[in-house]
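Visitor: One-letter residues, chain by chain:
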Amino acid sequence: MTTITYLSTFSLISVIVLELIIYTWGKNLRKCVTYIEQLDSKLNLLNVLSSLLLSKSISLQDIVSKIVSSKYFQMRYSALTLVSLKIPQAYALTPLDSYAVRKYIEKQKKFATPQLLKIDLSKLSAEEKIVLSQNNIGKFIEVLVIPIFYQLTVMGYLILKGGNYRDLSSEDPNFLNAVGESVALIMKSVEVDGILDAKEQFRAINVKW
Amino acid sequence: MVEYFPYLLFLFIPIVIFQVRRLRSLLLKKRKACIVINKRLSEIKYLDLLTSDAANKKRLAQDSFNLYLDRLKEIVGWDYHSMFMLDESTQTLKARFTGYLPDWYIEQFSKKVFVKNGDASVGRATATKQPVIINTVANDPRFKSVSAVSKQISYKSLTCSPVTGRLKTYGGFVTYSNFENIFKVHDVQFLLMCGQFFGAIIENKLISLYLEQKQTVDTSQKTNYL
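From first to last, the protein sequence lines stand for chains A and B.
The first sequence: position 100 = 100 (full-length UniProt numbering), numbered continuously.
The second sequence: position 106 = 106 (full-length UniProt numbering), numbered continuously.
Do not rely on the hints blindly, as some may be mistaken.
[Stated by the list, open to error] Between beta-carbon pairs, the in silico distance windows are:
1. A/Phe-202 <-> B/Pro-102: 32 to 38 angstroms
2. A/Ile-195 <-> B/Gln-91: 16 to 22 angstroms
3. A/Asp-172 <-> B/Tyr-105: 34 to 40 angstroms
[Unchecked claim] Derived list of chain B stretches under chain A, where covered just means 3 residues or more per stretch with a C-beta under 8 angstroms from a C-beta of chain A:
4. 99-107
5. 163-174
Hints in this document: simulated from the structure, not taken from any laboratory.
Glycine included, C-beta positions come from ideal geometry on N, C-alpha and C.
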């Protein structure tokens, strides 16, 4: 074999190895881009919530519809319930929501962080089953319960339901906490609207901070 | 077949060169992607800090905002930060909190030099409720009045965002960088979001304080009556 044959064999091997490296790196890069899109959608949801903090006389329905219309929600979840313990409730909880809240409270002995619950639908009561079988959901359903805290008091819960195939276990706790706390701030402003009229609110804020 | 094999070398060499170039561009893109991921994660972490501290009853505005501005540099980046309070009676802005800026800065802009609402960069941001970006301090005509300050502190670009609440605009918030053209659209959107959270936090603290005082007055009146 001549030197040139050695060289061409070596080049053939390099072409194959380099192509494999490019394929792996390209795959990794695609993963990075998807992750960046996901992070952007998270920031977008926080942006939506921060703009809700500026809007006057909003209702719980507004909070829900804004979250539902965000890209982040559309990408990962199928349904959302906002349970308020303070403001008169606008929504009737579905059996699954009330079951999720009950189970969450049972699991969390003291103060709490967002938690992912895998609910076995076969363990539900007869009444709950009737409603759920109508919805034709699989055997298990994943529900993410985010507690809404304001100064160590629970104001409510945000219940997010993933689709049947979504894996919600990879959620970032920092982000979920930020969502829960932003919703708490919005709910507090709704509550303040009920306690103080506009004049009194202006009197309260017209001081040096 | 084997005798033709050496001639394949002429085909492989350009392919290898092309592949090396592709690898180099992939490496650069990956490095950029990693920087973006780290930045987004730190932004979420900072917003988590803001929202978790928003309802903190024990911490006063003075302590909270100094902490927020310091943490903004530590978690997200940029070099200096300052927050201006809008005095509605005189329509001027006074420096209220700073992060990593020298002491004379707050002394000067809170007691000696007041920025008029609508003037300079921070005044414009407060008056229009829109962010103002100055990417090169040296060339920007909007920045002539305070160019001496920029030389002393040595920052080269800045972004001003309004601090707005549900009921009114509370002032402006400025982020400075030692590099030119550093603020991108995403950064400005993030800083605007921070300004909105700052506004909500101020409002929340003031209303909570008012409600507390009102409750105390009501209780003392009831006691007096009894």
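Visitor: When the structure is checked against the list of hints, which entries are broken? Sort them ascending.
Guide: Hints 2 and 4 contradicted; others consistent.
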